[in-house]
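**Q** Sequence order for the protein chains is A and B. So the number in our numbering is just where the residue sits in the first sequence, counting from 1, plus 487. So the number in our numbering is just where the residue sits in the second sequence, counting from 1, plus 1219.
Bear in mind the hints are in silico, worked out from the structure with no lab data behind them. The structure presented is a predicted model; accordingly, all values stated were derived computationally and were not measured. Hints may contain errors.
[As the list claims (entries may be wrong)] Straight-line Cα separation of at most 20 angstroms, EDC-like style, residue types lysine to aspartate or glutamate; simulated pairs: (1) B:K1297 <-> A:E527; (2) B:K1385 <-> A:D788; (3) B:K1389 <-> A:D788; (4) B:K1297 <-> A:E503; (5) B:K1303 <-> A:E525; (6) B:K1389 <-> A:D789; (7) A:K840 <-> A:D788; (8) B:K1389 <-> A:E527; (9) B:K1385 <-> A:E887.
[Claimed, not checked] One side of the interface only, derived from the structure: several residues of chain A facing chain B at Cβ under 8 angstroms: (10) R506; (11) M520; (12) G552; (13) P554; (14) Y558; (15) L559; (16) E561; (17) T564; (18) H566; (19) V656; (20) G661; (21) K666; (22) L673; (23) Q863; (24) D867.
Cβ atoms here follow ideal geometry from the backbone N, Cα and C, with glycine treated the same way.
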Amino acid sequence: MNAPRNPNTYRSGPDENGRFGMFGGRFVAETLMPLILELEQAYDAAKADPAYHAEMAGGLKHYVGRPSPLYLAERLTDHFGGARIYLKREELNHTGSHKVNNVLGQILLARRMGKKRIIAETGAGQHGVATATLCARYGLECIVYMGAVDVARQAPNVFRMQMLGATVVPVESGTKTLKDAMNEALRDWVTNVATTFYCIGTVAGPHPYPAMVRDFQSIIGRETREQMQELEGRLPDSLIACIGGGSNAMGLFHPFLDDPTVEIYGVEAAGHGIPSGLHAASLTGGRPGVLHGNRTYLLMDDDGQIKDAHSISAGLDYPGIGPEHSWLNDVGRVKYLSATDEEALEAFQLISKLEGIIPALESAHALARVAELAPQKPRDHLMVVNLSGRGDKDIPQVAEILAGR
Amino acid sequence: MTETGQTRIQSRFAACAAQGRAALVTFVTAGDPDFETASAILNALPEAGADVIELGVPFTDPMADGVPIQLAGQRALKAGQTLKRTLAMVEAFRKAGHDTPIVLMGYYNPIWAYGVERFLQDARRIGVDGLIVVDLPPEEDVELCLPALEAGISFIRLATPTTDDKRLPKVLSNTSGFVYYVSMTGVTGGAIASYDAVGDAVARIKRHTDLPVAVGFGVKTAADAAAIAKGADGVVVGSALVERVRLSLDADGKATDKTVSAVTSLVAELAAGIRTVSKAA
Ligand SMILES: Cc1ncc(COP(=O)(O)O)c(C=O)c1O
């Protein structure tokens, strides 16, 4: 089922209808459809324009601070006594996470399209901060929708966005987390179609977003390939990344999908544990449905109602996943695991103490599975973990949890 | 189908046109505020003056709806409404002998979860006449639109101010029953900016199709309905009706003995408003 168009590659999707096998598509209201087609055209034109690529490359280098280092975590490696663990240091990017890679691409596109009003949804606030940052840089109006629950648990990022001149709108509807922020952003977009560019923060939403965001994030995997070649003279043996919507993971994975020797692992948020039902693991604990413009694995009940996701990490607290991940899961190219809140908290503290790097709680989910995978591997196994963001934003929340113990 | 070979939707619009007036299309959310009260509202709508009924299928994530219809859906879901129970409401309505056309309106995921084929069979058997699925543009016609047409259920498409002349034929192809013109770029429950612009848009759509054109989003009062009725074949009212439900509830959010009449009295006013505008038959 769902054979890729070219069976010799996992990298040819999506098809012209925005599908990765049965996943993806353009499930949006008619009001948005002409806009989405216009965006697709504009993106295709930009992709073919060397000036756009040059602008992008300049921004990534001088403003974002790329390339991000590929760093051998020696003490972590010794601690687990198995694989050589490399951290891809996306947390060193300007604004503190991988999110900025995508935002730069979209904001440059918005400028080409003449859009002056930018809207975004955010969970952890990292995408919101990145969007607010580039809007400040280019003098664009910025409105960020954020669930009221997330506004409370990611307070430092709310303040950052406001400092940057963005308007943060707390979303009180539904579960007051990322999915509701996305609903509200879509409502804004339907209302202000003519003036507004919707800067989506992950590899989800209607076509062309999943492919476009993946393309912008693929810089992570392309750099990793080159850097590993330089450092070790070969390809890595395994890749591992956390998954909210799946953008940091897809960015790392995509350039390696056709390298059969590279094992690839995505880590979803298992919250209180999959059996508890209180989790955000759409692949591990969900089934295919349609939400936010695409068909993908979702947490939903028998009536097709979307279930609440649960995760300690606001950036993973989403009941869906990007459609390309759903496809990669079904064709078996990527293995999807999960990590609980508790495991993530442990990893958060471990990496801080062993490496002097405080990771984002999101990234800590990937590190939690490294704790299990690394010891099983031989000493010459090269493992790359995507350190998608830094943990400064999480310190008040983690301090509160640990103080309560 | 009626004896004349027309669908219930076609013959209803034709009958209204023969009376020289626009049709009143009323939207209420199935299961709001609870199954019994919503069933009582549904069964009272024809006598109150509804010509076509849009029955909202509640969904947790109604991306194209404003606050009133969001809240109506939440009330219904909280009271245990499901697509299965919505079909049961329609079944009871038909068993009571009503022949007012019913169009289910909502989002794709509940239908997809029910199973498209099984849903269409059940909907057809029970007496559902049409579907409006907000998140299925023509680009996704293979999902539900084409199977629905094959099953004999109309698929009513939304046309919007962003649907230009170039795109209109695509939107109108495979549309049946009527065309629903969304009066503004926005979510349900907003305000209509300009009646003139709406009139022009309806005229534009009518140059492309013989189907009746109903206009909705933002119609709240009898006066609004009359203003829209001048140019359109149908006037859709939704948010104002579900707001009537909300305002009739007690402090615990439960239905009161005024809930049904709160809705039907507004429907009667709207029906009267539409009848103040007479059009050449
Ligand atoms: C640091 C960090 N990592 C990961 C994520 C999850 O998003 P994605 O799966 O799209 O990378 C977020 C989202 O907010 C984040 O802030």
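**Q** Hints the structure violates: just list their numbers, smallest first.
**A** 1, 2, 3, 4, 5, 6, 7, 9, 10, 12, 13, 14, 15, 16, 17, 18, 19, 23, 24
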